[in-house]
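Q: What follows is each chain in one-letter form.
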Amino acid sequence: EADIYQTPRYLVIGTGKKITLECSQTMGHDKMYWYQQDPGMELHLIHYSYGVNSTEKGDLSSESTVSRIRTEHFPLTLESARPSHTSQYLCASSALGALGTEAFFGQGTRLTVV
Amino acid sequence: AQKVTQAQTEISVVEKEDVTLDCVYETRDTTYYLFWYKQPPSGELVFLIRRNSFDEQNEISGRYSWNFQKSTSSFNFTITASQVVDSAVYFCALSEAARGSTLGRLYFGRGTQLTVWP
Numbered sequence: 559e560a561d562i563y564q565t566p567r568y569l570v571i572g573t574g575k576k577i578t579l580e581c582s583q584t585m586g587h588d589k590m591y592w593y594q595q596d597p598g599m600e601l602h603l604i605h606y607s608y609g610v611n612s613t614e615k616g617d618l619s620s621e622s623t624v625s626r627i628r629t630e631h632f633p634l635t636l637e638s639a640r641p642s643h644t645s646q647y648l649c650a651s652s653a654l655g656a657l658g659t660e661a662f663f664g665q666g667t668r669l670t671v672v
Numbered sequence: 009a010q011k012v013t014q015a016q017t018e019i020s021v022v023e024k025e026d027v028t029l030d031c032v033y034e035t036r037d038t039t040y041y042l043f044w045y046k047q048p049p050s051g052e053l054v055f056l057i058r059r060n061s062f063d064e065q066n067e068i069s070g071r072y073s074w075n076f077q078k079s080t081s082s083f084n085f086t087i088t089a090s091q092v093v094d095s096a097v098y099f100c101a102l103s104e105a106a107r108g109s110t111l112g113r114l115y116f117g118r119g120t121q122l123t124v125w126p
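So the sequences go chain by chain: A and B. Per the numbering used here: the first sequence = residues 559 to 672. Per the numbering used here: the second sequence = residues 9 to 126.
Chain A extracted, bound-state conformation:
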């Protein structure tokens, strides 16, 4: 069973609000990822990190930002939420240095911006 946690599970928020989606893992994994999943199911990588103080943008352009100050914590922030940000956000982690290691996923945060 994976030890990666996302909070909140569900969030409904008004346009213009600042929000932070939390992601924490207790497995000591160096690699962490944020994926955005639209209702059409497809997963898009929006951010990733290979360790503390390392963050990179993924394939899908996103107005969100991330930080990695501690190994176990990889929060995602939207400074000003818009309806176009409505989506499910999935956080994942995997071990660094082990080729082909599977990623473990959190349960996701379903965000609705009204």
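The set of hints was computed from the structure by calculation and includes no laboratory data.
A few chain B residues that don't get close to chain A, going by computed Cβ distances all over 12 Å: (1) VAL21; (2) ASP26; (3) THR28; (4) VAL32; (5) GLU34; (6) ASN66; (7) GLU67; (8) THR80; (9) GLN91; (10) VAL124.
DSBU-like cross-link-like pairs, simulated, lysine-lysine; straight-line CA separation at most 35 Å: (11) LYS24(B) to LYS78(B); (12) LYS46(B) to LYS575(A); (13) LYS615(A) to LYS46(B); (14) LYS576(A) to LYS615(A); (15) LYS46(B) to LYS11(B); (16) LYS46(B) to LYS576(A); (17) LYS615(A) to LYS11(B); (18) LYS46(B) to LYS78(B); (19) LYS24(B) to LYS46(B); (20) LYS615(A) to LYS78(B); (21) LYS575(A) to LYS615(A); (22) LYS24(B) to LYS11(B); (23) LYS78(B) to LYS11(B).
Built from N, CA and C at the ideal position, the CB exists for glycine as well.
Assemble chain B onto chain A, guided by the hints.
A: Just chain B now, with coordinates in the frame of chain A:
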């Protein structure tokens, strides 16, 4: 470029039927890894299997089996005697062995929604 194609968007079967989910991939790497994940209605992605590019042995785990064929770049997943609890979205994914800063990231297919009716 890496790409994973799951041509079946939705599949519906009746309980106890066998069902195969197709996955076709593209990569220029000689070393790569293939995965299947299950996403139940609760939302998290659950890891099912990993296969590396040098191991073409098919694998069976209970009612699940996987058929990896490099010649056709396919990694298909079969559920035997399906059950209602198998209803979920299933994702096929590919990761490359080594390429700079993107080491280890997963490229996902669009997913196949499987519905098993009682």
